[in-house]
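2 protein chains.
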Amino acid sequence: MMKKKNNENENAIAREKEMEAADDSLLKEYGKAFHEILAEKHIIDSTITMLQWELETITPPGGQALLSKQMGYYSMKSYDLLTSEKMQKILACFKKNRDVLSPVLKREAELLTEDMERLRLIPPGEYKAYKEFLTESQPLWQKAKAAGDFSMFRDALKKIFDTSKRFARYEYEAKDEAYRKEKTLYDVNLEQYEKGMDVARLDEFFGALKEEVVPLLRQVLKRQGGKKAKNPNLTVDAQKKLCRYLSAYLGFDFERGTMAESEHPFTTHFDKNDVRFTTRYMKNPSTFSLLSTLHETGHAIYEQQIDDKYTGTILGNGSSNGLHEAQSRFYENVVGRSEAFWKGLQGREELEPLFSKTSLGSFCFAINKVEPSLIRIEADELTYPLHIMIRYEIEKGIFNDTIKVKDLPEVWNEKMREYLGITPPNDGAGVLQDVHWADGLIGYFPSYAIGSAYAAQIYASLRKDLPFEKILEQGDLAPIREWLSAKIHRYGSFKDSRDIMKKATGEELNPKYYIEYLKERFLK
Amino acid sequence: MMKKKNNENENAIAREKEMEAADDSLLKEYGKAFHEILAEKHIIDSTITMLQWELETITPPGGQALLSKQMGYYSMKSYDLLTSEKMQKILACFKKNRDVLSPVLKREAELLTEDMERLRLIPPGEYKAYKEFLTESQPLWQKAKAAGDFSMFRDALKKIFDTSKRFARYEYEAKDEAYRKEKTLYDVNLEQYEKGMDVARLDEFFGALKEEVVPLLRQVLKRQGGKKAKNPNLTVDAQKKLCRYLSAYLGFDFERGTMAESEHPFTTHFDKNDVRFTTRYMKNPSTFSLLSTLHETGHAIYEQQIDDKYTGTILGNGSSNGLHEAQSRFYENVVGRSEAFWKGLQGREELEPLFSKTSLGSFCFAINKVEPSLIRIEADELTYPLHIMIRYEIEKGIFNDTIKVKDLPEVWNEKMREYLGITPPNDGAGVLQDVHWADGLIGYFPSYAIGSAYAAQIYASLRKDLPFEKILEQGDLAPIREWLSAKIHRYGSFKDSRDIMKKATGEELNPKYYIEYLKERFLK
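In order, the protein sequences belong to chains A and B. When the letters of the first sequence are read in order and numbered with our numbering, they come out as residues 1 to 524. When the letters of the second sequence are read in order and numbered with our numbering, they come out as residues 1 to 524.
For reference, chain A alone in the conformation it holds in the complex:
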């Protein structure tokens, strides 16, 4: 231990000396080395993305073992590149000379320095062991979910939460006193997925939501009565053709992307020229795939519209999880659940398989019907944020030691009863339904609700500039897509999501737009 510390001190002194001597030629040399390392990292990171894509869309059961090995190998290569002595030197030099860096390089260095500094607080051995553990815990979760039995996954989940808290603590304790006074341990995780987000803001956000959405839900259910939604019984083949058509109609460029099928729909990208999304074809409702396609296309269009100048840099990605989710929710809900959108599609030959089986009115009722249900990803627009609230309260409770992992099934079911009035028949349809925790993603869920709120806020702003309904009814969505490109998409990660939202909508996250939007949609 001591030896290591001494080495670290020596390294620190040597680096300090070097930095003082930093001149143009060193900056140039480091700039070149920086781009070489990042080019290599991009190749490796996009390989990891490809392996994940393969796992979700095509890998047979027999292929999973080798795939796990490959993922582990490349994850460590990527980690090694980012935390290498060379990279540390470069980033330290850039930090010191930030004023002379190009804007892109400066932003890249900032983001990487944050990542690297966070990673360096975790002992490499612990980090690697945790990554390996996660590849093992994923199939365990799958089995437990299929069996509907939490006890099969309980110990693994405890280890995941314990490790996540321990890693958060490394970072939390390295912060200054002012930060620690203001923030909680859970905030460390929240920040990873949505910069600037913390428990204080989210308590306010979810507080407002709880106050408004829970009574709104009761009101809507009462108005809706027992009216049943009609399933148009689309065949899988018809769904496939419709999904492809709708995605292109929103503006997805199939020359620079592709569509496939997976158990859980998702979007991914290697760079903006190869953006991929999946959907899932269900029998009932057979419209699930259509809405899910609109959702994923929203993510995909965001990536496809990032400015070319960020391609190949680490800025060639959407800015934050919340802002990404805003694009998907915008296309799925604000656009895709509106009557105007489907009016603009009526009469087209490609929509015939749908509208020969259902009327516009009956279809729009079906895709907007409110019905408290068990599964988050199948939830309607109004109950959706309540699903997120449950997960937020649980994560927060585990991080502040008021909830124990072993009690999760009871805690989960109790909250489901309180907010949604239903009880899961087993853990598979309850606490085990999502993959996120098994993947080690703690603090991720709130970004889904933030995304919905951002989407409503973006909508309020966009309506001021554009005749939204008219555009939808006319059946050419280019003006909306271009507005999003100019205000949001083109920046990639060059700007923080907070800054982008502020410039695009005039303010940071404000839940009032979301609540207004929900009221307008569901009480009109």
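For the record, the hints were derived by calculation from the structure and aren't laboratory data.
It does not matter which identical chain is used: a pair holds within one copy or between any two.
Listed next, the in silico BS3-like pairs over lysine-lysine satisfying Cα-Cα at most 30 Å (straight line):
id, residue 1, residue 2
1, Lys128, Lys309
2, Lys128, Lys28
3, Lys309, Lys106
4, Lys69, Lys309
With the hints as your guide, set chain B onto chain A.
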């Protein structure tokens, strides 16, 4: 240059000394290091395979640039691992101590030493430059093929042949005089795809074929008269279901593999637990996908049946190109074009979409109809080897300087007229039809014809042990699959294809079985 030579001498002397001192502990240490390097190489090589799979099955046009970069990067990583100083030391040590190595390790070391020694004769700079050139020439070939214009690809193809000859010469000139007396430059390439194969043997093989097949073809065409084949007009959806059913019926294990679609059908594998093949759905003939599925399933079953003990070693692959092609041709032709095979399938519910549109007799005539045609991969069983012969004669001619690349369209068309009696309407349907040369694969084609001949030879041997027709008619192919597993598949690359064939059939390649088989099939 001198410095490098000196270094090499010093290295050689140092290595020599080390080897003399080789004892158990060094062997143990090297054994461990060897397996570590190979484990890493397997991860990287299977990633390259995955990238190729992606390119053929799903990558959108926009994604090809990044994919090329990734392939180039991993190819060089794999090359570096194999040619590293460390690996050279290990392999030299193993060579010296071969008698005490385990049989598997000994075989691995032998094969790798061959590869490494061949690679080391090529200056690394030239090797890398050529690999990069090939990634650029592939899209060029695609464009030229689409335009049907050889001149667009002529210069690139000249460079490919020139480089291939130069690389072959490095190896040829490093051989002893006895080898050079007996062998030609082209033999260096032939050996890469089929050990022990050379121009002397192939001249004999194709000579016999020419003598027998060309007159046989005339005879068959005369007998066949103007009878037309009927296309059962299967829908793509029906083809997909039939292909999946047929593949499982032959014995493909979908838990350890998968099926997809691509322009050119192919089979690949990451290891025996993830084996993948593709097919192509055509309108006319709509049975193309069925036969192509039988073909690729033959390749796939070979990989799936390799003994578990070779998984993760470099022996976990089929033994040679020719022997691989033998398995695919055996399942496609010997099994899949026989009436007994389809008799065994008649009456099954899954075959109803086919047999409701065609009778057994009419279908078997259609899949066996002989008709000289332009495209190799769509050729019937009898004219197929003539397509290969053309390619063999051209490659041989370029290597012995009797054919010039610039004259290829004329040479090609002339040979098509001579052997098949037809003239391609353009270069896309002629000399540019295959991807192999654009991929730098020179000397590969003959293994296709060897495969057909091996298949007939295997068939002759298998019939002595098993009631072949009866098994097919009874509709359970397990005995045939198990015979192939026991005699051929299980060995992987642990044995040479020549040794495997000798043990399984009693002799090395003998074209007489192939000619007998063709006569029996087409004159019966």
